[in-house]
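Colleague: Given chain A, put chains B, C and D in place with the hints provided.
Residues per chain, in single letters:
Number of protein chains: 4
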Amino acid sequence: MEFKVKDISLAKQGRLNIEWAENHMPVMMELRKRYAKSKPLKGLKIAGCLHVTKETAVLVETLKMCGAQVAWSGCNPLSTQDDVAAALAKAGIPIFAWRGNHKEYYWCIEQVLKIKPHITVDDGADLVFTIHKKHRELIPDIIGGCEETATGMVRIRAMAAEGKLSYPIISVSDAQTKFEFDSTWGTGQSTVDGILRATNLLLAGKKVVIGGFGHVASGIAKRMKGMGAHVTVCEVDPVKALKAAMEGFNVSSMDEASKFGDLFVTATGCKHVITTKHIRNMKNGAIVANSGHFNVEIDVAGLEKLAKKKRTIRKDNVEYTLPNGKKIYLLAEGRLVNISAAEGHPSSVMDMSFANQFLSVLRLAKSKNLEPKVYEISREQDNLIAGLKLKSMGMKFDNLTKEQEKYLCSWEEGT
Amino acid sequence: MEFKVKDISLAKQGRLNIEWAENHMPVMMELRKRYAKSKPLKGLKIAGCLHVTKETAVLVETLKMCGAQVAWSGCNPLSTQDDVAAALAKAGIPIFAWRGNHKEYYWCIEQVLKIKPHITVDDGADLVFTIHKKHRELIPDIIGGCEETATGMVRIRAMAAEGKLSYPIISVSDAQTKFEFDSTWGTGQSTVDGILRATNLLLAGKKVVIGGFGHVASGIAKRMKGMGAHVTVCEVDPVKALKAAMEGFNVSSMDEASKFGDLFVTATGCKHVITTKHIRNMKNGAIVANSGHFNVEIDVAGLEKLAKKKRTIRKDNVEYTLPNGKKIYLLAEGRLVNISAAEGHPSSVMDMSFANQFLSVLRLAKSKNLEPKVYEISREQDNLIAGLKLKSMGMKFDNLTKEQEKYLCSWEEGT
Amino acid sequence: MEFKVKDISLAKQGRLNIEWAENHMPVMMELRKRYAKSKPLKGLKIAGCLHVTKETAVLVETLKMCGAQVAWSGCNPLSTQDDVAAALAKAGIPIFAWRGNHKEYYWCIEQVLKIKPHITVDDGADLVFTIHKKHRELIPDIIGGCEETATGMVRIRAMAAEGKLSYPIISVSDAQTKFEFDSTWGTGQSTVDGILRATNLLLAGKKVVIGGFGHVASGIAKRMKGMGAHVTVCEVDPVKALKAAMEGFNVSSMDEASKFGDLFVTATGCKHVITTKHIRNMKNGAIVANSGHFNVEIDVAGLEKLAKKKRTIRKDNVEYTLPNGKKIYLLAEGRLVNISAAEGHPSSVMDMSFANQFLSVLRLAKSKNLEPKVYEISREQDNLIAGLKLKSMGMKFDNLTKEQEKYLCSWEEGT
Amino acid sequence: MEFKVKDISLAKQGRLNIEWAENHMPVMMELRKRYAKSKPLKGLKIAGCLHVTKETAVLVETLKMCGAQVAWSGCNPLSTQDDVAAALAKAGIPIFAWRGNHKEYYWCIEQVLKIKPHITVDDGADLVFTIHKKHRELIPDIIGGCEETATGMVRIRAMAAEGKLSYPIISVSDAQTKFEFDSTWGTGQSTVDGILRATNLLLAGKKVVIGGFGHVASGIAKRMKGMGAHVTVCEVDPVKALKAAMEGFNVSSMDEASKFGDLFVTATGCKHVITTKHIRNMKNGAIVANSGHFNVEIDVAGLEKLAKKKRTIRKDNVEYTLPNGKKIYLLAEGRLVNISAAEGHPSSVMDMSFANQFLSVLRLAKSKNLEPKVYEISREQDNLIAGLKLKSMGMKFDNLTKEQEKYLCSWEEGT
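Protein chains in written order, with this note's numbering: chain A, 673 to 1087; chain B, 673 to 1087; chain C, 673 to 1087; chain D, 673 to 1087.
Derived by calculation from the structure, the hints in this document are not laboratory data. Do not take every clue at face value.
Heads up, the list lumps identical chains together, so a pair's fine if it works in one copy or across two of them.
[Claimed, not checked] With a straight-line cut-off of 27 Å between C-alpha atoms, the simulated DSS-like cross-links for lysine-lysine are:
no., residue 1, residue 2
1, K987, K678
2, K762, K709
3, K931, K955
4, K897, K931
Next comes chain A alone, as it looks inside the complex (with noise of 0.2 Å):
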């Protein structure tokens, strides 16, 4: 078996930080038990594109379990954790993976492709976009793909509006029981803990502007509310600002905003919500932080334009001295607090988008044959997830009766 990380010597570190996964991914494990046995996967090669974190090492062996022969890439140059790869190199998974292979990221994945998979699993499709561009030779053996985010499915929908997907996909990222999670309760949190580990602020009593109120910044703002911060939000959608008012919360401009927060947070996936004029309107000691997915949401070029001088005060955390000698701390240089600064989207999170991940698979393994287009998440493999998930957390959830499903047949819901 071939592979290639960092430092094999760090398995044993990697190996723990997969148990700790695997005890906060319930779903997964509940999955794992009931098809392991019965290796519904067996015979099938699976190549993968994706984060090599813990909670991917989760999905990884599951998939090896239920019968799969696996190889494994990351689908970011920085975002492998090294100890994790060496783990699942140990456990004889070839994998291809370590943090800064800025270099030799695509040649890892002509590494996976080596497999000859009959199923991509992808974070970008970065898999899927090599295999229609330059292995074009591995397609009459694929029996599908599964992508796991929004930026990957605008570019796949693209191709098969234009006729050009050769092989059916499933579209991951779609799953409720995926995004109005991990976006709101998962970067809502990780977002807090990034700004506390770069800072040490006290939240309470804080004024904390929060650009956007969609999933992402609508979670960010409750937690932000949670730890006692007074929160404005800054929208450009008069309908998701007068929710946020309705929510509680203080609603304003970023021309406003900007003259009175003490921390500013984005997460619009817009560009240049906070520009150089919000940031010259800024008081002294403004804290601006990013959590949407990219570096743009903030004018970092213009800031560092327009700064007269330039330090770091602590990791993840640079003070910009402005010609008028106010100070303006940037943390993470505005991108991604949640992950620069903490450790991104909890274990118990990634437990449901895997486990969508896993159904997927397995969905693709026994329906041979299906027409090269988009396929969506069923409303039943979420309401599944949903179940396990809720059943792993001691809650119960009522059936509907014969009876009801009758009167919600005949009937629909009132004024």
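Modeller: Just chains B, C and D, lined up with the frame of chain A:
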């Protein structure tokens, strides 16, 4: 002019109530200001069949100020506010409505249709149906209609699907600025209000069980929590149940929750959420209420049969003694407790719903010769209304720059 | 037996209300169960002067069940619930109370004193004062008295300080299980209740300004926040103001807040928290209410002078038109909005206050020959009541082990 | 000048950290501005024995700027931040402190006393005790001392009670602006912070059991709730337990709660809140932490004996395998998780505690010849500090008018 109301001498109190509503309907007042001068509805006749309340009066008089000739009836035999009806009559509106008009309900509708309307405004689609069934001679002159409720839209969409809809209908019911606000925040608050009026119960520390976690029920859950109650949510949809758990609510089955709840409130849209089995489980002194549309959510008939004794304790609060000696208290006969025991949606929520009605009437007035099908509320209309509401609350929001708009078109939200 | 009530035929409704109160006073019911059989008050005569409400009736009947002979009058000309008074009369209690007995208020007290009490139960100390001033002949037979209110205790403590207190008084007012619960949670909820009944205002998204952040005002602030309001606290005590800020409330001066508030509620114990200067600052449509003890917190006299027009809009809701044309709405004449427009403290809060009264009467009955001074509620009594309340709510608490008790004696809580 | 620190080359990083603290200690900065020019401490020598952290450095340098000559040592062998110590040394402060100075702890104190202090600043009273026991020759020149902690004050009050206190001590520990803020909000936040760093656990939806509901524990409970956790409170004091219930927390015994909790946090000041009996009850995977002062709240010794296997999973996170196979995770060895796994109180909370220290030193400097007893913080000092803090947060508060002051003197708060 003709009208029929209970007591014209109530007009003065009715006018006071209409003024109070105007004070809390700033969006309607702003639209009135914008449009009243140019009389965009001049020459148009509008027939309305919609709860005659102080808020509806603001809509009716706005239509009139914009040049329309209006005739109006109630859409429910019990919902008319007689003082408001008197005030409208005194103001020269041909109005046919009084509380308790079970017998002459359809006679009232007939009177209203004598106006030969160009536009119909419905809440439950009774005008649409009467016209389609009995007064097809009116159809050629009709530009279109607006429908307020989900229930009405179900009926209308069914007609459209069968090719039997003979004039265009705008579905006001689907406006985000309607259902996301009156359901959650309007019903949430008024349910607490109704329960307090019927019981004077201290909610802090009480175990409150909410049947459902949809738009209505989640609003009730939040408000109960806001009053210090310990809230348990019972759901049949595991995804919604999991959301409730993530928001900090206890989640259980009704079989379990029926054993420990102090107060039960249903709002599911389904029937028999609380059965006699659950009622038998309940603690002595448990209080049961419903805030869902129909009075089927609690098995009241079953309770009536089960109980060996029944007596009224206070207004909207009836004590049932079970064979086992336990006493259970049913509020408002299991009908909508927020309307029966309190006053239903506050004016400032109806402000947005009726702004949708008004703007939809304007849209019909402008765009003649529409195909006879169902039309949705536009995103722009929702944004306009939300924007005006925010402004009236003294809250600002941001606008996308051209650069940002371009960015959003070229990229989609990431992972 | 003699009595004087408004209408004895109301007894049936009064009895229903007393039963409803019993259902929500589990601590009183438990104490009744524990003591009724052994008749520990046998042979004792008790005179009471305390608001005649359904909750008081539970206290009165408990005293009677424990063997006491009881006579009762109201302690406020306006607070008597006439149906409850009738039910007590019918049950054989010599009661002298009706709503509106301004003129014969002291006559009623004289009737009650004819019983020649061994123990007095007061709310405002009127029995204590009448006895000390006019009926000193009763003093030799009096074992002691209980006083419910802070106001009454101020007067009694002043007497004690001057050496003029002639019999012992237990200060029920200082029980933790009284003032920490009825002030914060009782008034907090009933203030929201009263304001909703008087206005039907949607609280979500509204700017609510609270005058004060003491026990009462902080309870109102929390409940308003729980209803989705954006709460601003105005305080004269900077430590309390800072606490409010740390708990997530906006903090401002009344000079500033008077400009942006939609709704103002005072509960400070001070006068002129809202002056005519503040009223002039207010937005058109602002609503003003008070939940502090006396109607001096809002300068109502000043408002009356300032306004050029005044009219009643709804029950408990009066519109004042200022010279500048703005309209301001005053609820319940600036008197306690929670009692005037709603029903005051819920039964389950009075449960604890009256358990303190009852146990204090028992304590007096047992321990004769007490010195004539003020006695505090014991920590044990507070613990007993809190423990019974928790049990009735189905909640458990821990007990210190001997080892833990020893530890706590030898060490004090650290940094 | 003499000093002893770990590594003087760390001074640069230490200075950055001190500056970061200054940015978040606006009250101290304001006091520095007010007093630095007039040098009110000129000619005075101050000995300090208090955790050497970035916040303490701000206090030390403020004392120096006000004219004092200062010498300093740490008050705990493990709490010194070596970079801060280096920065202070470089700035010319005779400082004797390094992380891990178990052996030379008292030697350091001896060095500091060589300054022959006029004023002592203590955290735990080690200076006071050393002087009283070994250096009584210093007493005649000592004006007085300040003590930061409750623990220290217990010892000092015991001395005073026995007539053995030889110089006056101001009890900074009892300032409202100290204990009401750092206990509740400082520890509340930093406990969440520490647990997240040690576990990366998703708190939303988790069952978190809090041992205690005093100042510290109630703060933790609120913050856990704010993160979406389902919080259960275990208390031995039924009044506190009832308060918790009224604030919306579930209340139970540890015997019960130990069966369902996912995460346990103790903060009671008592010992063995969690015993091996409770640990045996726990679910597999349960996590246990302490945020009370001493590491006795969890029976760690019992757990060590009970467990058949033990291994470190991550920093501050140790897995114990019980004989029944269940795994329990203990954070930070059962020591203060907020300090061990995170950074303890944020600067902006220490701002108020140290402002109390500073103003108490000034008070001693001004008022010589004080009797040797314990002095309380004045209400005025608390108000001054709270007022400055509010101002720094951009928040206003009201002032009593003369009319209001008069009213408050003549009347007391009512019922």
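Colleague: Does each hint fit the structure? Answer for all of them.
Modeller: Structure-based check of all given hints:
In this assembly of identical chains, the alpha carbons of K987 and K678 lie at most 27 Å apart whether taken from the same copy (24 Å) or from different copies (22 Å). For the homomeric pair K762 and K709, the shortest alpha-carbon distance inside one copy (23 Å) is at most 27 Å, but the shortest distance between copies (67 Å) is not. Both within a single protomer and between protomers do K931 and K955 lie at most 27 Å apart by alpha-carbon distance, with minima of 6 Å and 24 Å respectively. For the identical chains of this complex, K897 and K931 are neighbours both inside a copy (20 Å) and across copies (25 Å), given an alpha-carbon limit of 27 Å.
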